[in-house]
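Q: Sequence:
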Amino acid sequence: MTQYFDSLETRSDEARAEALTHLLPQQIARAQVLPGYAGALDGFDAAQMTDVANLARLPVLRKSDMGRAQGQAAPFGGLTSRAAHDFAHVFQSPGPIYEPGGVAHDWWRMGRFLHACGVGRGDIVQNCFSYHLVPAGMIFENGVRAVGAAVLPAGTGQTELQVRAAYDVGVTAYAGTPDYLKVILDKAEEMGVSLKITKAAVGGGALFPSLRAEYAERGIQCLQCYATADLGNIAYESAAQEGMIVDEGVIVEIVTPGTGTPVAPGEVGEVVVTTLNPDYPLIRFATGDLSAVMEGTSSCGRTNLRIKGWMGRADQTTKIKGMFVRPEQVAALVARHDSISRARVIASREGEADVMTVRIEAAGGEAEHFAGSVAETLKLKGRIEIVPPGSLPNDGKVIEDLRSYE
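Residues 1 to 406, numbered by this note's numbering, are exactly what the sequence shown covers, in order.
Please note that a few of the clues may not be correct.
What the hints assert, rightly or not - For lysine to any residue, the following SDA-like pairs were computed, each having C-alpha atoms within a straight-line distance of at most 20 Å:
| no. | residue 1 | residue 2 |
| --- | --- | --- |
| 1 | Lys308 | Pro262 |
| 2 | Lys319 | Pro262 |
| 3 | Lys397 | Ile384 |
| 4 | Lys308 | Val250 |
| 5 | Lys321 | Pro388 |
| 6 | Lys308 | Lys319 |
| 7 | Lys63 | Ala74 |
| 8 | Lys321 | Asp354 |
| 9 | Lys182 | Ala165 |
| 10 | Lys63 | Pro96 |
| 11 | Lys381 | Thr318 |
| 12 | Lys397 | Glu267 |
| 13 | Lys196 | Thr159 |
| 14 | Lys319 | Ala332 |
| 15 | Lys381 | Gln329 |
| 16 | Lys319 | Ala375 |
| 17 | Lys379 | Thr357 |
| 18 | Lys63 | Arg313 |
Simulated from the structure, these hints should not be mistaken for laboratory data.
With the sequences and hints as input, model every part of the structure.
A: Dropping the structure here:
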């Protein structure tokens, strides 16, 4: 097996940027004519959108927007460039939200990750992602086919049968959630069965360092990816295990939660993704997940942008004094004053009453100067504390709830 899935992985920054000068305008032009965007992209000249930095001018598409669109134009909300009957699959995720699926070569872009895991011809992959309604099972199956390996479509549950099949078939690789592999391995030991699994491609949950170490002790290299039902693969680990490398078929931005404004390099923010899939041109789709860009490139030789992986959820909407405070309101507060660099709302309790404290990063000024803006944008009055620039934690949070619910 060659070291890389294809030559795109080792392109120079200049070559990747040059490719996007053609691909990005084409994708935005496809989206502009789709009814699901309902004029959201009107007034933008797609031909001029040749740079990733230009994306910040476009609105963010959120899951709630998708749900509303699907309610008006089932099943895909007018966001696909093909009719539902022209896709190979139609999936239903919780919500419900409907997603299309294709069977063309590496349609979900999972092959790149599986190749990085060392999976290829000669392997049999036990695919323990669900095949029931949701797309996870087919996402990974499509990727396994892209690297030339065989698939045991195991799905979830029935662990004893999973062990029996893995042994009888000679499974060499596992695909599924991080923790279910341990369930299979432990059951195999209990049954006195020796399995041949040496590779694991996981997603859909946290891969804790202790669990990865346990798999390594059992002779299994376990790597993880970051993927969603709407977008397919977004980023993935290589054997170097130095963060997650962004897939070549998507563009990733990290923005301030509740906005579409990119954060400074290295700061934690919400992951926003633009796909280059012509069948399903999602433009600036907000995942609701937090992450941050890492400096430099991976020592494995892959040159694309790296992110730190999943770092929590961006939707920090919190009810204080009976009123919801949302991240976009905090962003609006920051935007009202040039002197504010960042702000953080903290919900706490004193006695039996909610307390809202607003910490504002500013070079100077009195708290009273911002009181009117706080009340107008957050719809609540609270304490205001001025803190020096750079003093708020770099964790992506703009709303922090310190109240105990136990």
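Q: Can you give the numbers of the hints that this structure goes against, from lowest to highest?
A: Of the numbered hints given earlier, those the structure breaks are 2, 5 and 6, listed in rising order.
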